[in-house]
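Okay, here's what each chain looks like letter by letter:
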Amino acid sequence: KNQVEQSPQSLIILEGKNCTLQCNYTVSPFSNLRWYKQDTGRGPVSLTIMTFSENTKSNGRYTATLDADTKQSSLHITASQLSDSASYICVVTPNNNNDMRFGAGTRLTVKP
Amino acid sequence: DTEVTQTPKHLVMGMTNKKSLKCEQHMGHRAMYWYKQKAKKPPELMFVYSYEKLSINESVPSRFSPECPNSSLLNLHLHALQPEDSALYLCASSQGTGHNSPLHFGNGTRLTVT
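In the order they appear, the protein sequences are chains A and B.
Residues 48 to 159 (our numbering) are what the first sequence spells out, left to right.
Residues 5 to 118 (our numbering) are what the second sequence spells out, left to right.
The hints are simulated quantities; they were obtained by calculation from the structure and are not laboratory data.
Don't take every hint at face value.
Across the chosen pairs, the derived CB separations fall in these ranges [stated by the list, open to error]:
#1 B:K45 - A:K158: 22 to 32 Å
#2 A:Q128 - B:M31: 38 to 48 Å
#3 A:T117 - B:G102: 41 to 51 Å
#4 A:L58 - B:T20: 34 to 44 Å
#5 A:Q50 - B:A43: 18 to 28 Å
#6 B:E7 - A:G88: 13 to 23 Å
#7 B:G102 - A:S105: 41 to 51 Å
#8 B:S105 - A:H123: 24 to 34 Å
#9 B:L77 - A:E62: 40 to 50 Å
#10 B:E48 - A:A115: 21 to 31 Å
#11 B:G102 - A:S75: 14 to 24 Å
A virtual CB, placed ideally from N, CA and C, is assigned to each residue, including glycine.
When you get a sec, could you build the whole thing from the sequences and use the hints?
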């Protein structure tokens, strides 16, 4: 069973709208959680990284939150743009090694 | 543009061919990785090189053979592949292999095996 679960699997929104993507994990002990954006046919690009003690981290219109107690993270996208259409992957790293656990990703489509 | 460069961008090969994928980074990173990604799936780790030595092989079939000629280069030699090996092959690098070293990915090589 994957230790990182993302929801929804796919999402379609209209340009200008906000959306929130979810990531639940069971990786323990936990070191950090990263959100990556992957455009079709390209490599993933890091958006945010949060450690155990951080609750929120912003990168422009992207805001990630982390609740280490419930082992949940979310990625909120504000005022979506067509270029936000991509897969968003949650990656959790254990505390004792760099064996990163990838979620299956959420495929976001922003329509005009 | 990514700081990890992969060539070629696309590759079509037959099951009897021998080909190589190449990856290059000049960020001084000491760890390099090969990932395989099927459509609509997350990347799956294949190999990790740390300080030019193979440190992790995730039980990858021998038809995939990695090589790290120096700290900036990583190759993946392909031989006698199967159609199910068709995928996006991603190279990544990181400063080290510690848990705080983020991965920097290349844009991948789209491989099709016919």
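Hints, one by one, checked against the model:
Distance hint check: the CB atoms of K45 (chain B) and K158 (chain A) are about 24 Å apart, consistent with the given range 22 to 32 Å. Checking the proposed 38 to 48 Å range against Q128 (chain A) and M31 (chain B) shows it is violated: the Cβ atoms sit about 29 Å from each other. Taking 41 to 51 Å as the suggested C-beta distance range, the pair T117 (chain A) and G102 (chain B) does not conform, at roughly 27 Å. A beta carbon spacing of about 43 Å between L58 (chain A) and T20 (chain B) agrees with the range 34 to 44 Å that was offered as a hint.
Take Q50 (chain A) and A43 (chain B): their Cβ atoms lie about 22 Å apart, and the range 18 to 28 Å holds. Our hint of 13 to 23 Å for E7 (chain B) and G88 (chain A) holds, since their Cβ atoms are close to 18 Å apart. At about 25 Å, the beta-carbon gap between G102 (chain B) and S105 (chain A) misses the expected band of 41 to 51 Å. At about 26 Å, the beta-carbon gap between S105 (chain B) and H123 (chain A) stays in the expected band of 24 to 34 Å.
Remark: the range hint 40 to 50 Å for L77 (chain B) to E62 (chain A) is upheld by a beta-carbon distance near 42 Å. Separated by about 26 Å at the C-beta atoms, E48 (chain B) and A115 (chain A) satisfy the suggested range of 21 to 31 Å. For the hinted restraint 14 to 24 Å between G102 (chain B) and S75 (chain A), the CB-CB distance of approximately 18 Å keeps it satisfied.
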